[in-house]
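S.K.: Based on the provided sequences and hints, a complete structural model is requested.
Here the sequence shown stands for residues 0 to 267, where the numbers follow numbering that gives the first Met the number 0.
Derived from the structure by calculation, the hints contain no laboratory data. Please read all numbers here as calculations on a predicted model, not as lab measurements. All C-beta atoms, glycine included, are put in the ideal place defined by N, C-alpha and C.
Result set (DSS-like, lysine-lysine): computed pairs, CA atoms no more than 30 angstroms apart in a straight line:
id : residue 1 : residue 2
1  : Lys46     : Lys18
2  : Lys46     : Lys32
3  : Lys18     : Lys32
Using C-beta positions, here's what the derived DEER-type ranges look like:
id : residue 1 : residue 2 : range
4  : Asp136    : Gly210    : 15 to 21 angstroms
5  : Lys18     : Arg149    : 32 to 38 angstroms
6  : Ala148    : Ala176    : 20 to 26 angstroms
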Amino acid sequence: MPDRPLNPHNLDVDLNPQKPHSARFWNYLLGGKDNYPADRELGEQMKREFPAVVDLALSTRAFLGRTVRHLAAEEGYRQFLDIGTGLPTADNTHEVAQRAAPDARIVYVDHDPIVLAHARALLTSTPEGDTDYIDSDLNNPGTVITEAARTLDLDQPVVLMLMSVIGHVTDPAEAIALVQDYMSRLAPGSALVMCTTLSSPEVDAMTRSYGDSGTLPYVASSAETMLAMADGLTIPDPGLGPINRWHPDESGPGTDTQQWGYVAYKPA
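M.R.: As structure tokens, then:
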């Protein structure tokens with residue numbers, strides 16, 4: 000695999016290939032090519048210590064596809080705010096949404112120079128719809144919502160996508176407050192798609208080892224914390240649980256993953 004700079008748009012970005020990076024690590028687990036030896040070494044280490052780590056990545060990607068497709072095609076949502084986008088790969092949010100609804104509008108948010116270097120790959124759209132990319136941090140909901148309003152009509156329902164990103168807010172109380180802050184700023188009828196890793200002794204040991212590598216720390220959440228993030232929202236069946244159980248496709252639910260989540264709705 001070539002180790003040339005992963006900066007297709009020649010942006011002034013410090014890619015720091017000697018240090019593993021969360022977006023490139025996730026890209027490696029998904030079978031992508033936008034990673035360096037340090038990212039692959041961390042990926043192989045995590046596979047040895049926690050063999051299910053690849054399933055966490057793959058199940059999250061599949062959950063994104065099923066939820067976005069369902070919300071656009073079956074429930075009529077046309078606006079998506081995807082925070083913590085990560086590196087572009089197959090079937091990004093806008094691709095799934097606009098296949099189901101060509102007029103869908105999608106705003107991506109990430110505050111990561113690695114993702115910024117690839118952001119233009121996310122800014123394709125159908126003629127009927129629109130996409131945008133905001134260089135901002137998950138922890139700045141006021142800025143994110145203000146910038147998103149350039150593309151999204153915030154008087155209408157929006158789907159907030161938090162896919163395996165909330166664990167970067169390492170204090171559970173802060174994570175709960177942050178998600179509730181975002182949802183309070185969105186219109187009635189909006190939806191929250193949430194998934195993160197369920198805490199267990201084995202998983203917590205893995206996340207500590209992951210953080211020891213020097214990359215951005217990630218902590219797993221308890222079921223109670225995940226539910227508290229959706230306080231005041233409605234979580235229909237199948238509720239909170241392994242994300243492979245959420246409306247499985249023709250391949251079936253498969254083996255339960257330690258990646259848990261739900262789709263929740265703000266009262267209309």
